[in-house]
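*Asks:* Turn these sequences into a full structure, and let the hints steer you where they fit.
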Amino acid sequence: MITAERKPLEELIEYVRPFKRILLLGCNECVTVCAAGGRKEVGLLASGLHMALLKSGSTIEIREHTLERQCDPEYVEELVPMIDGVDAIMSMACGCGVQELARRFKGKPVFPAVNTKFMGASERQGVWAERCQGCGDCLLGKTGGICPIARCAKQLMNGPCGGSTGGHCEIGDDVDCAWALIWERLKELGQEERFVEIMPAKDWRPGGGSGPRKIIREDLAE
Amino acid sequence: MSFQKRLQSNEFVVLAEMHTPKGVNISRLVTDARRIKGRVDAVVVPDMDNGIMRMSAMAGGVLMQQQGVETIMHVYCRDRNRMAIQGDILAAHVLGIQNLIVVHSEDMSQGDHSDAKPVYDLDEIGLIKAIGQLQKGKDLAGFDLDGEPSFITGCSIAPYADDAALAAELSVAREKVAAGARFIITPPVFDLQHFTSFLAKVKELGVPVIPTVFLLKSLAIAQYIANSEPGAHISDELIRRIRKSPDREQEGILIAGETIAALKAMTQGVLIQTLGWEHKLPAILDIAGL
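Going down the list, the sequences are from chains C and R. Counting in our numbering, the first sequence runs from 2 upward without gaps. Counting in our numbering, the second sequence runs from 11 upward without gaps.
Check the hints yourself; a few may be wrong.
[What the hints assert, rightly or not] With a straight-line Cα cutoff of 30 Å, these simulated BS3-like cross-link-like pairs (lysine-lysine) come out:
#1 K155(C) x K47(R)
#2 K203(C) x K32(R)
#3 K143(C) x K127(R)
#4 K203(C) x K127(R)
#5 K274(R) x K215(C)
#6 K155(C) x K148(R)
#7 K47(R) x K118(C)
#8 K155(C) x K139(R)
#9 K118(C) x K32(R)
#10 K274(R) x K155(C)
#11 K47(R) x K274(R)
[To be verified] Listed next, the stretches of chain R that the computed footprint assigns to chain C, with coverage defined by at least 3 CB atoms under 8 Å from CB atoms of chain C:
#12 99–110
#13 123–135
Just so you know, the hints here were simulated from the structure itself, not pulled from any lab data. Values in this document were obtained by computation on a predicted structure and should not be read as measured data. Every residue gets a Cβ at the ideal spot worked out from N, C-alpha and C, and that includes glycine.
*Replies:* What follows is the structure, given as structure tokens:
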């Protein structure tokens, strides 16, 4: 999923302070799963904004709504009847959702309520960790299902480096060394020979090295 | 007189561009530098220009200095992060390079290492500011330097296709000047009448303007630029002149020399680009009366 964390309330207050009526918009997809911008978080943030603004002597009308998916024009269209009645939109979706709103509602200010972080997985309740950087040329088949691009601090193609100690990365004991994980996993799979294979310098073009990326499926594109 | 002093005293500056080799054979670069020593005020050394991997500009600049030719070194953002850029800028000062131009980087996809990872840790305006900060004795993290470098830093305006693109270029150039750029290199001049109106707009930036004079090495190159870059303003008349010439190479040299001579009355200097024909620089300078 795409993970996100809510921005500090102080920053959000400054965004909405000039407005009388805003639409606070959640997303029912990734940000709901990582508890950053779903229906529940929309309610919590609306209360937080109300209280903070009241304390400073101002008020705001906050209309709450949560879309099934904010990054999809089909679902965003559902907002059309609501837009005229608000001065601005605050989105609790990832950056994709925020930009889709800005594209669709050109005359309406749109503000992000979350910081989009990474593509990750849930490690345990309340903990999400980075797993993928969308490099566009997946290596997982060669690295035992563990990504050195997303999980090695140096994005080494041929690790580990000298900073790997006891399975931990030199940047912190709470960070696993991706290459130690890769070695352990390849051993389990009986594929140790893969570890000594020298991988060539990575081609970064599929990963966005040549600018913003797009997928066009000729069989689906209208 | 140094490039910087000539600019400050409103003297016309003559610059020539010289590329470093793709390899370690520096004999041509050194020979070309010797040929124009004393005839140009400084040599501009691009760094991985057009995204082509070459020997770094700093080494080229040092070679120029060793030949007694002042250097203006390109600095740019595509290939180095703020650590590497600052380190190189300090090194450049220590090695005697006093002049920098912050330039636009060709996109990685257009170069010869299109699979490389682009950096762009800083942008051009951020880089100009970083150079200014180093000159004040602080690095980008705010730490004190043990001895600060000193440079005059310029910037460039990229070729533009139409008035809207020019307006955008000028707007960015204004920000670069505000950030600390002290001179500006402008695109090649092929049409003096068009250049006159362009110059009036660029002069509003309040820094010395140094237009580029590009050697048209062949009719094919002239036609290619005329067709692919409408903003270059290569006229049909100019194309005809080259086509009809019994010696097209010499005609290109004549055109470049005459353009420089004409610009001498209009601008603060010229940058002569010969793209591999640096051995023709003396002939161009002869025609220009320099």
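*Asks:* Evaluate each hint against the coordinates.
*Replies:* Hints, verified against the model:
1. K155(C) x K47(R): violated (46 Å)
2. K203(C) x K32(R): holds (22 Å)
3. K143(C) x K127(R): At roughly 21 Å apart (the allowed maximum being 30 Å), K127(R) and K143(C) satisfy the hint.
4. K203(C) x K127(R): holds (9 Å)
5. K274(R) x K215(C): violated (49 Å)
6. K155(C) x K148(R): Given pair K155(C), K148(R) holds - Cα atoms ~28 Å apart, limit 30 Å.
7. K47(R) x K118(C): violated (55 Å)
8. K155(C) x K139(R): The hint holds at about 28 Å.
9. K118(C) x K32(R): Status violated; Cα separation ~41 Å.
10. K274(R) x K155(C): violated (52 Å)
11. K47(R) x K274(R): Holds, at roughly 20 Å.
12. 99–110: Since three or more residues must qualify, the claim that chain C covers the region 99–110 of chain R is violated, with 0 doing so at under 8 Å.
13. 123–135: holds (count 5)
Going down the numbered hints, you'll see the structure goes against 1, 5, 7, 9, 10, 12, while the others check out.
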